[in-house]
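A.B. asks: Chain residues, written in single-letter form:
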Amino acid sequence: MNQDLMRHLAEILPQIQGFIYPNEVEIHWGMLIVVYPYITGVVAGAFILASLVKVFNVKEVQPLYRLSLLTALAYLLVAPMALVSHLGHPGRFYEILLTPQTSSAMAMFGFVYAWYLMAVLLLEIWFVHRTDMIAWAEEKTGVMRFVYRALALFSRDTSARGVEFDHKALKTITIIGIPSAFLLHGYVGFIFGSIKANPWWSSVLIPIVFLFSAIVSGIALVILFYMVITPLAGGKINMKCVDKAVDFLFYAVIVDFSLEVVEFIHRVYQSEEEIKILSEMLMSKLFMSLIVIQVMLGMILPLAIISVTKIFRHRFSLNEDLRKMLYFISVLLIQFGIFATRWNVVIGGQMFSKSFRGLTTYKMEFGGLEGLLFALALLMLPVVILAILLKVLPPWKEMLAEGKDGDGRAVGGELPAPGA
Amino acid sequence: MNGRRRFLRDFLALLCSGGAIGGFLKLLPGSAHAKETVRTGKWYGYGVSVDKCIGCGRCMEACKAENNVPKEPFFFRTWVERYIIRKNGETAVRTIDPGAEPVPEAALDKSILRSFFVPKLCNQCADPPCVQVCPVGATWRTEDGVVLVNEKTCIGCRYCIQACPYGARYLSPATHTADKCTFCYHRISVGQLPACVEVCPTQARIFGDLNAAASPLSRFLRMNKIHVLKPGLNTEPKVYYANLDGEVR
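If you read the sequences in order, they're chains Y and B. Going left to right, the first sequence walks through residues 7 to 426 as the numbering used here numbers them. Going left to right, the second sequence walks through residues -9 to 239 as the numbering used here numbers them.
What the hints contain is simulated information worked out from the structure, not anything from laboratory work. Among the hints, a few may not be true.
[Unchecked claim] Label-pair distances were calculated between CB atoms; the ranges are: (1) Y:Met124 <-> B:Val180: 47 to 53 Å; (2) B:Arg104 <-> Y:Trp121: 44 to 50 Å; (3) B:Leu4 <-> Y:Ile22: 52 to 58 Å; (4) Y:Val274 <-> B:Val180: 35 to 41 Å; (5) B:Leu2 <-> Y:Pro96: 34 to 40 Å; (6) Y:Gly241 <-> B:Leu4: 51 to 57 Å; (7) B:Thr132 <-> Y:Ala125: 36 to 42 Å; (8) B:Phe1 <-> Y:Trp402: 18 to 24 Å; (9) Y:Val274 <-> B:Leu2: 22 to 28 Å; (10) B:Glu80 <-> Y:Leu19: 39 to 45 Å; (11) B:Glu80 <-> Y:Met124: 33 to 39 Å.
[What the hints assert, rightly or not] Simulated pairs of lysine to aspartate or glutamate, EDC-like, Cα-Cα distance not exceeding 20 Å: (12) B:Lys77 <-> B:Glu51; (13) Y:Lys282 <-> B:Glu80; (14) B:Lys42 <-> B:Glu56; (15) Y:Lys202 <-> B:Glu80; (16) B:Lys220 <-> Y:Glu279; (17) B:Lys61 <-> Y:Glu280; (18) B:Lys220 <-> Y:Glu280; (19) Y:Lys202 <-> Y:Asp253; (20) B:Lys61 <-> Y:Glu279; (21) B:Lys61 <-> Y:Glu32; (22) B:Lys54 <-> Y:Glu32.
Ideal Cβ placement from N, Cα and C applies to all residues, glycine included.
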């Protein structure tokens, strides 16, 4: 193990440009820490999408409601795995919960996470599915019957008063949930933003940029899942819903992009002592991941595509398949873009020396805990969990009902064109 | 609502709000309280006389031997940087390698404006950002002002490594926990000098108690113009440099 590390570091040595402090050869936060903010971002974003339905009464995106909640849960369950497995002593992770140091931003993770999981997401999902679970328990036999009973926490109340309470509870939870989702991901941004030693991270805007990029990635991913899963489940994609969701995605991308541009301009205009090394890093080490993938492919191109469908909406309103394809490409590009954003923050922040005199390099390994394979596994795991969740808590009735809300009422009326 | 109930409710509210405010205050950096307390016991500091360092690297070797620091050139509790500033304004910096052949005398190269060595080590900050960010309190500052790491509780999250502005920390490949200069705590607590100070042939490194009235360190601080590294970050370093060049970061 140690010999591998030494060999790995020795390989990096000749690639160092300029001067770095001798302890800076090793990049300490690798692929797993890139995966972590990406995953929590999806959680926060998916939840914000769900809250559009419940709090802001955007009825068109009702088919995405349950899917986005389950997506948030699937990703939230994986988030701590990335963190724990990157520790030098994964077996000691509980120390962070038992003896947290209150001055540490990282120590709050357990509490923010537990709050979000228990007080928001699980509660909301439970209230959403309570009456369904009671009904499913009636339909099923054997083990599954017991499973649904247990999942419903043995509640059997399907009276109008009970349902009424569910609705009220849901509203309250979502209202608490929005700031909580903001807290979850803003907090992840703060972990980076509060490091004064590192000018690439240290910025008040970082938590906010994280938030909006989270919203972008979450909404885009749920749209992506919806567009893939619906045909697989034998349904028809509800374009009114997708149009509306893409609308929100579009605005979120614009806000996210503007924030990043503001930060960039601010940095360049202030031009503090680290500017030389940062621009050198930007033009060499991060050129591909930041300028090409994050900005060009992950933001400008999808923005352009969605803008085209909006500007020529009369033409595109006729051709649903073309619109579907364009949306699909956009949300896929956005996913890559947001992943690149996380990469550029985490890895980029460690590639320049704190002496501002040189750059090190990041060599990703293939196998091992910090390797590519494990990271891909962690990225796929939420999809597997989501598949199981979809099996246990099927959202089909809601997802496949075209133009109808959860209770089967028609909503929205005729929409002549997307973005109208 | 009867009186007892109201009292209970108010009491609970007081506890909650007190806890919240107290927790918030603890989130703020410790600078405020650090400065106010009058220090009576020992308060260790360190002096570096830049002009005296000849770049022999014996301190680096002594440190690695004394503290079982891995010998590979990726882990250092202390190191020496060589600065070569040319007339055209270019600055070249590198970490010296004590095992390697000595470099040619800089004076022979006419394009060099000035050249010097700068020993580096953990600054044992009075307001250490590494301690602030440690999620489990495994790194802390002792009463006598030395920042230490408890390798039994460190979880190896490396947040402290990210938070250190001086690159003074590394993850020990042996213990998988954060590691750094301790001022040779095992030596200074029995009245000896840190290994690097002991072996320095030119007395470029000076160690002592900042509260002591008469000591080599207090004399050093009295006789020199002093600077610290990255003062703008408000970490209050306790490694003091005499004749530090502006190029040094």
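A.B. asks: Are the hints correct? Go through all of them and say.
C.D. replies: So, going through the hints one by one against the coordinates:
A hinted range of 47 to 53 Å holds for the C-beta pair Met124 of chain Y and Val180 of chain B, which are about 51 Å apart. Checking the proposed 44 to 50 Å range against Arg104 of chain B and Trp121 of chain Y shows it is violated: the Cβ atoms sit about 57 Å from each other. In this structure the supplied range 52 to 58 Å holds for Leu4 of chain B paired with Ile22 of chain Y, their Cβ-Cβ distance being about 56 Å. Under the hint 35 to 41 Å, the C-beta atoms of Val274 of chain Y and Val180 of chain B, about 54 Å apart, miss the expected range.
Evaluation of the 34 to 40 Å hint for Leu2 of chain B and Pro96 of chain Y yields a pass: the beta carbon distance comes to about 38 Å. Distance hint check for Gly241 of chain Y and Leu4 of chain B: the Cβ-Cβ separation is about 55 Å, which falls inside the suggested range of 51 to 57 Å. For Thr132 of chain B and Ala125 of chain Y, the Cβ-Cβ distance of about 39 Å falls inside the hinted range of 36 to 42 Å, so the restraint holds. Look at Phe1 of chain B against Trp402 of chain Y: about 51 Å separates their beta carbons, and that is not inside 18 to 24 Å.
The hint said 22 to 28 Å for the Cβ distance between Val274 of chain Y and Leu2 of chain B, and at roughly 52 Å that hint is violated. Checked against the hint of 39 to 45 Å, the C-beta distance between Glu80 of chain B and Leu19 of chain Y comes to roughly 22 Å, which is inconsistent with it. In this structure the supplied range 33 to 39 Å is violated for Glu80 of chain B paired with Met124 of chain Y, their Cβ-Cβ distance being about 58 Å. Distance restraint check for Lys77 of chain B and Glu51 of chain B: the Cα-Cα separation of roughly 33 Å exceeds the 20 Å cut-off, and the hinted pair is therefore not satisfied.
A C-alpha spacing of about 14 Å is found between Lys282 of chain Y and Glu80 of chain B, which places the hinted pair at or below 20 Å, so the restraint holds. The suggested pairing of Lys42 of chain B with Glu56 of chain B is violated, with an alpha-carbon distance near 23 Å, which exceeds 20 Å. Simply put, Lys202 of chain Y and Glu80 of chain B have alpha-carbon atoms about 27 Å apart, too far for the 20 Å limit, and the pair is violated. A distance of roughly 12 Å separates the Cα atoms of Lys220 of chain B and Glu279 of chain Y; the hinted pair therefore holds under the 20 Å criterion.
Between Lys61 of chain B and Glu280 of chain Y the CA atoms are separated by roughly 31 Å; this puts the pair beyond 20 Å, and the hint is violated. Between Lys220 of chain B and Glu280 of chain Y, the direct Cα distance comes to roughly 13 Å. Compliance with the 20 Å bound is thereby established for this hinted pair. Only pairs whose Cα atoms come within 20 Å are accepted, and Lys202 of chain Y paired with Asp253 of chain Y is rejected, the gap being roughly 37 Å. Distance hint between Lys61 of chain B and Glu279 of chain Y is unfulfilled; the C-alpha atoms sit about 33 Å from each other, more than 20 Å.
Restraint check for Lys61 of chain B and Glu32 of chain Y: the C-alpha separation of about 15 Å stays at or below 20 Å, so the hint holds. Taking the CA atoms of Lys54 of chain B and Glu32 of chain Y, the gap is about 19 Å. The hint holds against a cut of 20 Å.
Checked against the numbered hints given earlier, this structure breaks hints 2, 4, 8, 9, 10, 11, 12, 14, 15, 17, 19, 20; the rest are met.
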